[in-house]
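If you're matching positions, the sequence shown starts at 44 in the numbering used here and goes up one per residue.
Just so you know, these hints were derived from the structure itself, not from any lab.
One thing to keep in mind: the hints can contain errors.
[To be verified] Each computed BS3-like pair below joins lysine-lysine, with the alpha-carbon atoms no more than 25 Å apart:
| hint | residue 1 | residue 2 |
| --- | --- | --- |
| 1 | Lys176 | Lys189 |
| 2 | Lys176 | Lys193 |
| 3 | Lys65 | Lys176 |
[Unchecked claim] Distance windows between CB atoms, simulated:
| hint | residue 1 | residue 2 | range |
| --- | --- | --- | --- |
| 4 | Ala100 | His151 | 18 to 24 Å |
| 5 | Lys46 | His152 | 25 to 31 Å |
| 6 | Ala179 | Pro115 | 25 to 31 Å |
| 7 | Thr154 | Gln133 | 23 to 29 Å |
| 8 | Ser116 | Val139 | 16 to 22 Å |
| 9 | Met122 | Arg98 | 38 to 44 Å |
| 10 | His93 | Ala179 | 36 to 42 Å |
On a predicted model such as this, the values are computed, not experimentally measured, just so you know.
Glycine included, C-beta positions come from ideal geometry on N, C-alpha and C.
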Amino acid sequence: MKKPFLPVGRITTTHGVRGEVKLEHWCDSSSVLTPIKRFYLDENGTQPLHVKTLRSAGKWVLVSFEECSDIPSAMALKMKTLYAARTDIQVEDDAVFITDLIGLPVVHHETNQTLGIILDVVNYGSGDLYEIKTTAGKIALIPAVKDFIKEINTEEAVRILPIPGLLHDEV
44 MKKPFLPVGR
54 ITTTHGVRGE
64 VKLEHWCDSS
74 SVLTPIKRFY
84 LDENGTQPLH
94 VKTLRSAGKW
104 VLVSFEECSD
114 IPSAMALKMK
124 TLYAARTDIQ
134 VEDDAVFITD
144 LIGLPVVHHE
154 TNQTLGIILD
164 VVNYGSGDLY
174 EIKTTAGKIA
184 LIPAVKDFIK
194 EINTEEAVRI
204 LPIPGLLHDE
214 V
């Protein structure tokens, strides 16, 4: 089941003296956050923060909230994860959120054999990699490219076509 609230970043520190905070965002682009008018401090959406201003600052986003007007209130938000309602995030129809991939079974595209589950999506500079815990308990990294990833169904599984050795020769 898809989560209704998605983690979008972490507040790292304050900025200025009027309660503005610096957000390390986890989106492909900070422009994804621009139309969002309300963030949440919890994954259930029960602690809203109403956006007063939001602007890009290099790889960061600077945000001020209606509920936060000074340094002490901004300091209270330091290192907090911010969530946004899935319905407030405007992305392409075929976009997949990392949170929807984590925990999905990984299945061989041709044999339907379950190969493991996705633990995480990581990027070491050359592109996204799916971190998979195989059925044998080993950790494998699968490049998130069409040569290997044949189908993503966030309700069922990720179907891959591994080459020999990619999953420690378990296939």
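How the hints compare with the structure:
1. Lys176 - Lys189: holds, 20 Å
2. Lys176 - Lys193: The given pair, whose Cα atoms are some 19 Å apart, holds under the 25 Å limit.
3. Lys65 - Lys176: violated, 34 Å
4. Ala100 - His151: 18 to 24 Å: violated, 45 Å
5. Lys46 - His152: 25 to 31 Å: With Cβ atoms ~27 Å apart, the hint holds.
6. Ala179 - Pro115: 25 to 31 Å: violated, 52 Å
7. Thr154 - Gln133: 23 to 29 Å: Since the Cβ atoms of Thr154 and Gln133 sit about 38 Å apart, the hinted range of 23 to 29 Å is violated.
8. Ser116 - Val139: 16 to 22 Å: At 35 Å between Cβs, range violated.
9. Met122 - Arg98: 38 to 44 Å: violated, 21 Å
10. His93 - Ala179: 36 to 42 Å: violated, 49 Å
Of the numbered hints given earlier, the model fails hints 3, 4, 6, 7, 8, 9 and 10; all others are met.
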